[in-house]
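With chain G's structure known, arrange chains B and Y on it following the hints.
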Amino acid sequence: MTTYASPIGSSLKRVDGPGKISGLEKYAADYYPDNFLWAGAKRSDHPHALIKEIDISPVRNLPGIFAVLTHEDIKGANRVGVPEMDQPVLADRKVLYKGDPVALVLAENKTVLQEAIDKIVIKYEPLPAVFDPEAALAENAPLLHENRNDKNLLLGGRVVRGNSIAAMSECDAVAEADFQLPWQEHAYLETEAGVARVDEEGILAIIASTQTPWRDRNELAYALGWPLDKIRVIAPYLGGGFGGKDGITVQGLLGLAALHSGGRPVKMWNSREESFLSSTKRHPGRVHYELGCKKDGTLYAMNCRIVLDTGAYASLGGPVLALAMEHAAGVYRIPHALIEGFSVYTNNPVGGAFRGFGAPQVLAGLEQMMDILADKIAWDPLAFRLKNAVMRGDETGAGVWMSNSTAIIPCLEKLQEHPLWTSRQAWVSQAPPFKLRGVGIAAGLQGTGYGPMVADIANAKIELLPDGRFRIYSGVADMGQGNNPTNVQIAAEVLGQTADCFELIQPDTLQTLPSGSSAASRTTYSYGNALKAAALQLKERILTRACNMGMGLYAEDFLLSSGRLNHLPSGREIPLGLVAASMRPEERVSIYSYTAPVNRYPDKINPNIRAAGFPHRVFAFACHLARVQIDELTGEVEISDYLAATDAGKVLNPQLYEQQVQGGAVQGMGYALWEDFKLDRGELMTRNLATYILPTSMDVPDILSIAVESVEESGPFGMKGIGEIVINLALPAIANGIARAVGQHIFKSPLTAEQLLLILEKRAAE
Amino acid sequence: MSQVFLPHTLEELWTIKQENPAALIMAGGTDLLVKIRDRKLPPAVILALENIAELRQIERQDGEICIGSMVTHQQLLDSPIIQTQLPVLHQAVAVLGSPPIRHMGTIGGNICTASPAGDTLPPLYVLNAGLELKNAAAGRLLPIQDFIQGPGQTLLGSNEILYKIRIPIPAPHSHGFYFKVGQRKALAIAICSMASLLQFAEDKRILEGRFAWGSTGPTVMRFPEVENTLIGEKLSPIILGRLGQSMAALVSPISDVRASAEYRRLLASKLPLKIWQSLI
Amino acid sequence: MKIAFELNGIKQEIDCLPDRRVVDLLREELGYTGTKEACGSGECGACTILVDGVSKLSCLMLAAQLQGRSITTIEGMSPGKKLHPIQQAFVDKGAVQCGFCSPGMLMATVDLLQRNPAPDRQQIRAALSGNLCRCTGYQKIIDAVESAAAEMRDKL
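Residue numbers (the working numbering), protein chains in the order written: chain G, 24 to 789; chain B, 124 to 403; chain Y, 12 to 167.
Isolated chain G, as found in the complex (with noise of 0.2 Å):
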């Protein structure tokens, strides 16, 4: 173990690793209690039908087989989903997309659960599907959800500032375009997973891989009828959820099936293809932008529209639109702009949480266009970026104040100065035989927290040990991006011992505290702020115990440190067991609820667009650059150098700082060029790993990182979050690289080797 004495700002190395790495940490889908009943789902085979019958009996007495369960074995509500519960633990009336879960068999084994989720018959009768949004809001579309007054769409807005129609027209330049999003696949490692078990006292306890188990019992108690105050969710490590484990994916068949198998332990773990079939994935959509400015280089009209398709049920449908709606601008000052938003509902698959969360769709879209139009004037794309970059205190053109720390001016710079962009001109000349080269840069922003749609609250405790060490209640989920790990490195700053001074225990409904979702970059800001609080209070606590204990005058005179205290005075030294052991258990434990800021303004947007989170209030930054060669022979796309500039404040660990920016950039080259996910009529095509390709180590290059720190004063030590951003800028910045080595934009992505080879040859014949 280390024994760093101040770790904010130093690499400290993860608590978690050593348990991980030795494969003694036990994720959800590792437990296998005693006496275990396998649960898995029978699902929708149609994309859109009404259920006539279900038909259960030919497995209901299959050896082997426990029982069987329809939606008519629900209590509750059996609803779930945030912020609109729309979304049945089991169909009842109808199925919405071929992957609905109609029908939950209880077995013995994995061969005879299968063998029983075949023999189930349902009756469908297939009603009119619709796949695509567009054709889902036209007049005649068939309806999904009906008694909707807004039919199939979730949601819709408008956010305008000023007169951007009539700007347009007084612009120098104009660059229009429409661009295609596709899904993303989280593709976590650990899918879903996890245990659960009634008790002898009606305690419902389940185990699973989750981001949200507070919301999850929430969700629970409404939905299967069951008390709130006897459900416990607990979330070990995640085996990675990057927003596809934020809600309910397996809990609610889980509650469902524990709450009907005797007592009887069971377990559920989706296989890769289940998962494939019924998780949410990132939403595509279509963006179109027209961006107009003046010669002098400055950006003044942007036309923005948004269409997201957010499949079968709502999800978090509403607020990815707002956030997307929200990051439309970008990084710039735009004096007049026009966005409008539509998250449609189709029988395709549900459109959830994914890093991002919006942005990198529109910021895919904006950032090729700043290229288009900077060309347009004979600008430098960099110089046309510094010209139109917000600083603290301006709006955006989506009209969201930059209020708090805001360094994207310095990112850029930071670019601007690097060898791999001063050298471009070089670097690209110099390409060899067959090869072209390309670089392309792209800069964004991603906005922390819930912003004003939910209150952002986390609650922190931690506890004195009898023994002198420190105990952290874990509220937020940890899923690898290493709020755990942090924590303990914040508690150990403030109070003055060594990593190993501490405990953790993982988020517990019954141990620990509410502390919102691991979600929305938020996880070290919001908890982290309130562990720091909650240390200082503790902190407090045991110095004026000491002095009670009439082992000084004054606080101030003890300085704490690992297992110990140093009364600075007179030399002496006292173990912390000893104050520990002088406290009443009550006064060893220390809470602290922090409220996260929100930004109250504009209220000039639509109130649904604003209940959804728009805008937000702290926004890390973040600038990419990507050096592509574009194999002629093949169309294929390697990416020989990449950089991220980031703004995320202080840095609180270098090396888990590096962790996210590495990580996330990776996720982005894998949206950019390789994750083509296939649909044909909501049928899945690309179902598992042999044809959803994600990139292996061969296919990605080292990425330098730089850390642009500014101070964020409302995030602990001066950090915000930094989860998201470092996903948001891979696919514009590797798809300008390729339009300037190929001469022309590309606007359907993924930009696969099979799009730019055919691409290249039409160019060839012209």
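For the record, the hints were derived by calculation from the structure and aren't laboratory data.
Values in this document were obtained by computation on a predicted structure and should not be read as measured data.
Distance windows between CB atoms, simulated:
#1 B:262 to G:144: 45 to 53 Å
#2 G:458 to B:328: 25 to 33 Å
#3 B:380 to G:415: 45 to 53 Å
#4 B:378 to G:415: 50 to 58 Å
#5 G:144 to Y:78: 36 to 44 Å
#6 Y:78 to B:401: 43 to 51 Å
Interface residues of chain G toward chain B, partial, derived using beta-carbon atoms under 8 Å:
#7 701
#8 709
#9 722
#10 781
For every residue, glycine included, the Cβ atom is placed at its ideal position computed from N, Cα and C.
Frame of chain G, contents of chains B and Y only:
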């Protein structure tokens, strides 16, 4: 499924096969077990060949290289004989699958799976490989292009195994080359692949050129009439470009989830230039 | 079917269905959940173990194939709680984020360093190309392998 047999000798194998005529032969398991998981094959009795040492040899004899059917791709990669004598095959197994797949997968399995995308196949076609099949009673030799009839279809008899692959050692100063386009750089099924074997005279003119194409038709394909047009020519981008155009007109790719027919055909027209690119 | 094999240096004799997947046998019957499953079809490497010292995918192996073999899983890398130098390098270099790919990466690394004790970064990337990671972008894993290789060479 349920029963799994792992005989140590061919004699044991024949006995088990006779008692379990419907048993599925398993080589490395990397294709078979995935097919069973995907429910493309029903669970059945498995007859695994991995313990039969006789099938794991690489030998050079009488102007031929003999490779046992259960030789793994990693064994081929590690073999100095393969590296020096059959570089076209060596290049192919270097880009096949991934390291653990290469530790498990076998050349015999790759052949009998008979996917048009199988990486060892185009090299074996240009090497004019012969396949020795055996059953309890006898053996027979078939050229690989006759053995593979279509995607997943071979002439392997229900009581036969693939025993050995026999490859005539290429003439000295041959140039073997394999290039594969996949959707990424590893763990990638070939979308279009090309193996070439060129033999040069002293004056650098081509004496013989063989080209085999993967993932562009129901089986690996060769076009002897186009190959013949190379004879007497010197290698150049123009010659290779023309060759590519001719071959691309003759391949018959399909569109699937990985790539369109149009892209595959376009790749076929370009891949011969990869030979040039590798030489400059 | 009775199967006798060695697991992490300890002799095992088990009775199970011969076609039980090795990954399931390890995790469920034997309680070694360090070996993970993330795809079940050989596409991700999370289930990588060593079989007679060679890295293989346990999701594509049947229990009967274990007979007479010597198997090493991640749990066998650090008997007695002290981390193996490669594991320590993964921890020190920040190569572990969510950690679900880490055991597989580790076993692939052991295989690599047995074959090539001094790999360059490109060779490391090639050796790990059968192991997918969604969190790290691979870079710190490459750093860790480089560091572990150097340290293990120094110790010789």
